[in-house]
Structure formats: C-alpha cells, structure tokens
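Student: I would like the entire structure built from these sequences, with the hints used as guidance.
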Amino acid sequence: NAGVTQTPKFQVLKTGQSMTLQCAQDMNHEYMSWYRQDPGMGLRLIHYSVGAGITDQGEVPNGYNVSRSTTEDFPLRLLSAAPSQTSVYFCASRIAGGTGELFFGEGSRLTVL
Amino acid sequence: GNSVTQMEGPVTLSEEAFLTINCTYTATGYPSLFWYVQYPGEGLQLLLKATKADDKGSNKGFEATYRKETTSFHLEKGSVQVSDSAVYFCALTPSYNTDKLIFGTGTRLQVFP
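From first to last, the protein sequence lines stand for chains B and U.
Sequential numbering from 1 applies to the first sequence in this note's numbering.
Sequential numbering from 1001 applies to the second sequence in this note's numbering.
The hints are simulated quantities; they were obtained by calculation from the structure and are not laboratory data.
No residue lacks a Cβ here, since even glycine has one placed at the ideal position from N, Cα and C.
Careful: at least some of the hints might be erroneous.
Here's a subset of chain U near chain B, in silico, CB distances under 7 angstroms, partners left out [to be verified]:
{"hint": "1", "residue": "1032"}
{"hint": "2", "residue": "1043"}
{"hint": "3", "residue": "1044"}
{"hint": "4", "residue": "1046"}
{"hint": "5", "residue": "1051"}
{"hint": "6", "residue": "1093"}
{"hint": "7", "residue": "1099"}
{"hint": "8", "residue": "1103"}
{"hint": "9", "residue": "1104"}
{"hint": "10", "residue": "1105"}
{"hint": "11", "residue": "1106"}
Tutor: Laid out in structure tokens, this is it:
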C-alpha cells in the first residue's frame, strides 16, 4: 500500500541551486497536483495535471516547473531556488473528474538558504 | 474569487468536550466542501465532504452540514479524544473547475486528558 510517495523528505539548498522533488503514485490516478504549505497560509496549489502530457498552473506557479510523462510520476522542479521557496511541499493524487478524495504524500520539507 | 475562512487556532479542549471549528466560504455557484485532517508529521487525509446544499458529511464522529444560506460548513464533534489532536483544514472545489481544491489556513486542535 505505497499510495503517494515523495522524495526526498528533507532538503537544504543554497540560493540559485536547482533540484527536483519526486512524486510517484501507484493507484493509477489520472489527477496529480503539488501544494506548498506555509504557516498561516494553509495549502496553496502550485501545479496540477489531469493526465499524462497535460499540466496546468495553480495559484502560485512562479519559480516551479512540472511535466507528466507517465501516469505514475509528477516531478516538481525548482530551476533556481529562492529563500521564498522554503516550505513544506505536498504531492496529491485522485481519480479524474468530480470531487473525489485527494490522497496526499507525507511531504517534503525544503529549506533554501 | 473563491476563498475559505477558518477560525483561528489553536483550539484547546479537554477530553470529551464538544468541538466546533467554524468555516465559511466565498464562491460562485455551488462548490463542493471538504474537511481534511493532518496528523503530526503526516500528509492530509479526507475527513468528510458535502457536495450540495443541506448535505451533511460525517465520519469518525465528526459532522459538518453544507449551509448555502450562511455559506458555512462548520465542523463538529460531540466528544473529542486526545487522538483527535491535529490540524483541520476546510476546503472547497468550485463548481466550474473541479481541478482546483482551495484550502483554508487550518485550525490546530489540541485535546488534553
């Protein structure tokens, strides 16, 4: 019962460095998304995908890139990290369409110095 | 725009006390409404949902009723336990775009024996 798996769980970067947060799900979910969680701000949607080859922007997409080459994987790329991207990142997935339950990973805590 | 407003936390209660966490929303049309819960060190999990006015969602002793007239979806539980200590998030999905789940800022609940 792996569900949604995120790696790494913790990462420290220097300003300007790049990195990729990995997300994989084994539930054959068409929909996948990335959120960031910041104190007092709740969760904010960064990017989402409704299927392989299809991605779209959420509320706070600037500074992040995504791609969806397979149903299972949805990596989030930071091309040039900034201190403002210090946050906890969550990947989530669900079946396509409607109002089904979102299944979340355990989160990745990123610190940018 | 669409938004969710939750009461400030933390909410501190003794075991077996009655719980109410207020949630109001702003949205066009008829959004679907959700409560998610985040236990320490974990991702979010769906607690309950309601997809139309006057629907009541319920799970694990928690309840919330979709009130269109007051644009509210307050979370209640008759008798809380220490194991209910967590952060609770109210969220909505707009009726015109079910690909976006919009979260409130979260309310931390602490239950003491």
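Student: None of the hints should be skipped; say for each whether it holds.
Tutor: To see whether the hints hold, each was checked on the structure:
1. Interface restraint check: residue 1032 of chain U against chain B, minimum CB-CB distance 4 angstroms, threshold 7 angstroms, status holds.
2. For residue 1043 of chain U, the interface hint holds, the least distance from its beta-carbon to any beta-carbon of chain B being 3 angstroms, beneath 7 angstroms.
3. Hint status for residue 1044 of chain U: holds, given a least beta-carbon distance of 5 angstroms to chain B, under 7 angstroms.
4. For residue 1046 of chain U, the shortest C-beta to C-beta distance to chain B is roughly 4 angstroms, which falls under 7 angstroms, so the interface hint holds.
5. Interface restraint check: residue 1051 of chain U against chain B, minimum CB-CB distance 6 angstroms, threshold 7 angstroms, status holds.
6. Taking 7 angstroms as the C-beta contact cut-off toward chain B, the hint placing residue 1093 of chain U at the interface holds, the least distance being around 6 angstroms.
7. With a least beta-carbon distance of about 6 angstroms to chain B, the hint placing residue 1099 of chain U at the interface is held under the 7 angstroms criterion.
8. Nearest Cβ of chain B to the Cβ of residue 1103 of chain U: about 4 angstroms, under the 7 angstroms cut. The hint holds.
9. Taking 7 angstroms as the C-beta cut-off, the interface hint given for residue 1104 of chain U holds, the closest approach to chain B being about 5 angstroms.
10. Proximity of residue 1105 of chain U to chain B holds as hinted, the smallest CB-CB distance being about 4 angstroms (cut-off 7 angstroms).
11. The criterion of a C-beta within 7 angstroms of any C-beta in chain B is met by residue 1106 of chain U, whose closest approach is roughly 5 angstroms, and the hint holds.
Checked against the numbered hints given earlier, the structure satisfies every one of them.
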